[in-house]
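There are 2 protein chains.
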Amino acid sequence: MTVDNSYGMTYARHLDDVDNLRGFRQKFLVEDPELIYVDGNSLGRLPRATRELIRGVVEHQWGERLIRSWNEGWFELPERVGAKLSKLIGAQEDEVIMADSTSVNLFKLALAALRFQSGRTKIITDDLNFPSDLYILQSVVELAGAACQLVVVPSQDGIHGDISGLKLAVDDKTALLTLSHTAFKSGYTYDMVAVTELAHRAGALMLWDTSHSVGAMPIDLGQSAVDMAIGCSYKYLNGGPGAPAFLYVRRDLQDQIGNPISGWMGQKNPFDFDLTYQPTTGLRRFLSGTPPILSLAASEIGIDMLLEAGVDNIRAKSIQQSEYFIKMWENNLSHLDFILKSPRDPSRRGSHVTLGHPEGWRINRALIEDKKVIPDFRRPDNIRLGFAPLYNSFADVYEVSESLLEVVEKGLYEKYLEELPEVT
Amino acid sequence: MTVDNSYGMTYARHLDDVDNLRGFRQKFLVEDPELIYVDGNSLGRLPRATRELIRGVVEHQWGERLIRSWNEGWFELPERVGAKLSKLIGAQEDEVIMADSTSVNLFKLALAALRFQSGRTKIITDDLNFPSDLYILQSVVELAGAACQLVVVPSQDGIHGDISGLKLAVDDKTALLTLSHTAFKSGYTYDMVAVTELAHRAGALMLWDTSHSVGAMPIDLGQSAVDMAIGCSYKYLNGGPGAPAFLYVRRDLQDQIGNPISGWMGQKNPFDFDLTYQPTTGLRRFLSGTPPILSLAASEIGIDMLLEAGVDNIRAKSIQQSEYFIKMWENNLSHLDFILKSPRDPSRRGSHVTLGHPEGWRINRALIEDKKVIPDFRRPDNIRLGFAPLYNSFADVYEVSESLLEVVEKGLYEKYLEELPEVT
Chain U
1 MTVDNSYGMT YARHLDDVDN LRGFRQKFLV EDPELIYVDG NSLGRLPRAT RELIRGVVEH
61 QWGERLIRSW NEGWFELPER VGAKLSKLIG AQEDEVIMAD STSVNLFKLA LAALRFQSGR
121 TKIITDDLNF PSDLYILQSV VELAGAACQL VVVPSQDGIH GDISGLKLAV DDKTALLTLS
181 HTAFKSGYTY DMVAVTELAH RAGALMLWDT SHSVGAMPID LGQSAVDMAI GCSYKYLNGG
241 PGAPAFLYVR RDLQDQIGNP ISGWMGQKNP FDFDLTYQPT TGLRRFLSGT PPILSLAASE
301 IGIDMLLEAG VDNIRAKSIQ QSEYFIKMWE NNLSHLDFIL KSPRDPSRRG SHVTLGHPEG
361 WRINRALIED KKVIPDFRRP DNIRLGFAPL YNSFADVYEV SESLLEVVEK GLYEKYLEEL
421 PEVT
Chain G
1 MTVDNSYGMT YARHLDDVDN LRGFRQKFLV EDPELIYVDG NSLGRLPRAT RELIRGVVEH
61 QWGERLIRSW NEGWFELPER VGAKLSKLIG AQEDEVIMAD STSVNLFKLA LAALRFQSGR
121 TKIITDDLNF PSDLYILQSV VELAGAACQL VVVPSQDGIH GDISGLKLAV DDKTALLTLS
181 HTAFKSGYTY DMVAVTELAH RAGALMLWDT SHSVGAMPID LGQSAVDMAI GCSYKYLNGG
241 PGAPAFLYVR RDLQDQIGNP ISGWMGQKNP FDFDLTYQPT TGLRRFLSGT PPILSLAASE
301 IGIDMLLEAG VDNIRAKSIQ QSEYFIKMWE NNLSHLDFIL KSPRDPSRRG SHVTLGHPEG
361 WRINRALIED KKVIPDFRRP DNIRLGFAPL YNSFADVYEV SESLLEVVEK GLYEKYLEEL
421 PEVT
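Sequence order for the protein chains is U and G.
The first sequence begins at 1 in our numbering and counts up one residue at a time.
The second sequence begins at 1 in our numbering and counts up one residue at a time.
For reference, chain U alone in the conformation it holds in the complex (with noise of 0.2 Å):
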């Protein structure tokens, strides 16, 4: 078979040669530098700094200071590093805060949503938000009352979302439209803009799930006039397992609505121990309980570094990154049974490329097993590759490619299970 070589090694080196953002691989820790890592947008790659910093809060704040540390920054942290990442997602700083997970926060924000204006008992999105917003989502309009209903808008073609379908659905009994701006899945990003227009036009508030985003492209929550927004930190922002989510809440809505969760972190006077629960002023109030300290400092070192690199720059290489790829597909890969399943249009697509193929599976095992590489399986045909401008180099996005290529030609696959396991 021919293989395009202007689209070769020697291409993806010059591309990395001038690469703005070239600087920042090394300010990870890569202790294997053979293993190619395109999972970023499920579990980020570890900060170096990131060991110092933990270091210092467990032996100093915590074995040293102690219970001192609370009044020597612990208390303000979900707000320090909140006003952090409001930079870069275009919200003031007032208006993150770092808190629970994300599904926690999508619970108090869509419960909020639906008790804020009586009358609206719909919640409204698509099938191709994640799944767990979904589960929580459901739970929320069964515990706001019988009167209210979620309804799942279909996509197009389960890659691009539906915005006639999802302005049909959105009506005067809707409070809330929520959806992903960028697909787990599929990778597609909603026009943030005209998708908030559309939820205002019919008197609904609009909540972004910004997990898939945040950290890899320009978000623009101030300008987009958008209500609410969540979104986990430790896919692109380089947060750590399992590290504190964010929520967003315009600042003039902050004070109109309460969170279900009423905990202690969000009472007015937390030590005056007063019985009765009185929600302190601002964003503070969507606290619940107290934080796990050493994952949410984690949090932070992920964030300085995309401030530093800038996420106009994040944005334009992780295109030129899943351009590239969508090319050595188009010339290599797309006659062996590998379907693009992202869309095309850059413009409407996130940092992350999925291609399906009839034995996915076994060549994603293949992929890891043989070839050092480190996607993501999504059922039940999806290989998903996460690009991550700060440390995946377009040497990286060549080899994934070349790798995919020669699992499937050499036939590498076949000698995995065809079963998939049993997950549980």
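Treat the hints with caution; some may be incorrect.
Note that the list lumps identical chains together, so a pair holds whenever it fits in one copy or between two copies.
In silico DMTMM-like cross-links for lysine to aspartate or glutamate, where the CA-CA straight-line distance does not exceed 25 Å [unchecked claim]:
| id | residue 1 | residue 2 |
| --- | --- | --- |
| 1 | K371 | E59 |
| 2 | K415 | D312 |
| 3 | K268 | E418 |
| 4 | K371 | E34 |
| 5 | K167 | D220 |
Quick caveat, the hints were computed from the structure, so don't treat them as lab data.
Please arrange chain G on chain U, whose structure you already have, making use of the hints.
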């Protein structure tokens, strides 16, 4: 004045010499040996082994193994640590799981209890309960519908629980009785068997918040036929700041109640990515979002140490320490306006002792600044002294008492501001 010297430092040193737990202190990082830390009931000390463990979790599990660590232990971590913890509280291994914060867990279980038996619309608690628990319960009854209500039974005297009062309040409309097993302020400890039985006699479920008991005294949830329990791991369990909490549900109840925060970690086959929530069997359904792995991992060492020490030994030393302190109070402090605000009966008292004093706030400041003693202050006038048998010596107890005496006799507190600062 006369000080009773039979309880002096010589006596304390003797008790330390014959203490069968004395070897445990060296397993903690004690950077400043002169600091007397009696706030382990708020934030436990750092076990030395936790430093090494966290380094491994960060550098090896996250840094090197990356996403693979989810299949190499992270997914099972909430259950694995929970199974260890179960041995401290008389539960079966599959009855305890680590999850979220104490507040979020209370929210989940209290709401589940309220939805469990139709026609039962009340939650009963008392005013000794941690205010944070009351805040959550207020929200839970509000969410559960207009017919639901929270009844807060007054304590006898702000120190002791009123079991007769609870008995009167719990009726055939009661869904749940929930109390702090050991009260955060006075340290009063309820008779778990008797109170649980009281709830059951009325057909209500019983939920204990064990935050101020767990790791400080034997708890037998199974023997006491308790339905649900929650607790935190950063106090006597030494799990680190904001370490994830735990929840217990007795086995036969687990599949009968639902988690209102129905996240992907509790889904039957989470990697099937079904669009409809279907809870898995057992306690895992009470997980919601992705757990904060660094903080969760840190919680294991302290539990191991308590299991090694034996919770009966811990309790024996704890009682010996608080009895010793109270004897010192009687002899040397009671005539200086220090009031005992904890139960006098050790069987009804946790591992902390609270003294009230009109100058409590300033005395507390002087203890910290002038005497290197770190207690905890609880408005309006409570100095809370938590004795953690794993690392507090009898000499510590003696020094605390002597420091209180000196601060008052020498007027060391007078230089501090009389006004309590406004805490927000």
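Hints versus structure:
{"no.": "1", "hint": "K371 x E59", "verdict": "between (39 Å within a copy, 23 Å between copies)"}
{"no.": "2", "hint": "K415 x D312", "verdict": "neither (43 Å within a copy, 55 Å between copies)"}
{"no.": "3", "hint": "K268 x E418", "verdict": "between (57 Å within a copy, 23 Å between copies)"}
{"no.": "4", "hint": "K371 x E34", "verdict": "within (9 Å within a copy, 56 Å between copies)"}
{"no.": "5", "hint": "K167 x D220", "verdict": "within (22 Å within a copy, 56 Å between copies)"}
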